[in-house]
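Participant: These protein sequence lines map, in sequence, to chains X and V.
All residue numbers for the first sequence refer to the working numbering, where the first residue is 1 and numbers rise by one.
All residue numbers for the second sequence refer to the working numbering, where the first residue is 1 and numbers rise by one.
Derived from the structure by calculation, the hints contain no laboratory data.
Careful, some of the hints might be misleading.
To be verified - Between beta-carbon pairs, the in silico distance windows are:
| hint | chain 1 | residue 1 | chain 2 | residue 2 | range |
| --- | --- | --- | --- | --- | --- |
| 1 | X | Pro98 | V | Glu58 | 11 to 21 Å |
| 2 | X | Lys74 | V | Glu37 | 30 to 40 Å |
| 3 | V | Thr40 | X | Lys74 | 32 to 42 Å |
| 4 | X | Gly57 | V | Arg52 | 37 to 47 Å |
| 5 | V | Thr40 | X | Pro126 | 34 to 44 Å |
| 6 | X | Thr60 | V | Gln62 | 16 to 26 Å |
| 7 | X | Gln101 | V | Glu51 | 20 to 30 Å |
| 8 | V | Lys32 | X | Ala66 | 34 to 44 Å |
| 9 | X | Pro69 | V | Glu37 | 40 to 50 Å |
| 10 | V | Thr38 | X | Lys74 | 32 to 42 Å |
| 11 | X | Pro62 | V | Gln62 | 22 to 32 Å |
| 12 | V | Lys32 | X | Pro126 | 34 to 44 Å |
All C-beta atoms in this analysis are idealised placements derived from N, C-alpha and C, irrespective of residue type, glycine included.
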Amino acid sequence: MGRLAVLAIVANLVAAGCSSSGCASAGGARHQATRGVLVAHATLAVLQDGEMELVCGRATAPSAPACVPLDTHKKVSGYLAEAFEYDKKVAEIVRDLPEGQITPVQVLTLVGKIGSLVTKVLELIPDSPQRAQLAARVGAK
Amino acid sequence: MNIKAIIAWIELGQKVIQKGAPAWKAIQEALKDHGIETDTEHLNAVIVDAERRRLIAESEAQ
């Protein structure tokens, strides 16, 4: 699965007004969007937990230069804080959607922002087998 | 919603990423045992955990 492919799928799920089996009945679009939100949130959670394990000096981290230096970790954490803020907002919007209403464009915009931040985080993590494993788990290359 | 339920929800959510859509039904059944059943409950779990993780990230960014 290519870079951001997971989040592209999420964006489609969240925006879906009709399922492949036909137009959504009342609550169908919201259910699709909920599944998308779940995947997006789990992606961010995996990324946060995985990066934490790679920070230099921690028992789980690889040796330098493969580990994440502390100043890089702080930058990564800043991006993740922003991503979780958008993540929470997306969930609130979808939760508060009236039955039968199609997911608003605002949600697509927020999911796009989350995707950009995921890319930035992965670009900051030094190459290592552990980094490759983490990237694979979140659906990036 | 208790923390065990949220943790269980996240762990199962990660399996969705790994195994794709076929895992969804199994996840829904398992989450029922933790009192997470409806879409609203799923979304409330995300909201709570997103805020918890945002605070962790903010703290780590200091």
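Participant: Run every hint past the structure and note whether it holds.
Facilitator: A quick look at each hint next to the structure:
no., hint, result
1, Pro98/X with Glu58/V: 11 to 21 Å, "violated, 33 Å"
2, Lys74/X with Glu37/V: 30 to 40 Å, "holds, 39 Å"
3, Thr40/V with Lys74/X: 32 to 42 Å, "holds, 35 Å"
4, Gly57/X with Arg52/V: 37 to 47 Å, "violated, 24 Å"
5, Thr40/V with Pro126/X: 34 to 44 Å, "holds, 41 Å"
6, Thr60/X with Gln62/V: 16 to 26 Å, "holds, 21 Å"
7, Gln101/X with Glu51/V: 20 to 30 Å, "holds, 25 Å"
8, Lys32/V with Ala66/X: 34 to 44 Å, "holds, 42 Å"
9, Pro69/X with Glu37/V: 40 to 50 Å, "holds, 44 Å"
10, Thr38/V with Lys74/X: 32 to 42 Å, "holds, 38 Å"
11, Pro62/X with Gln62/V: 22 to 32 Å, "holds, 24 Å"
12, Lys32/V with Pro126/X: 34 to 44 Å, "holds, 42 Å"
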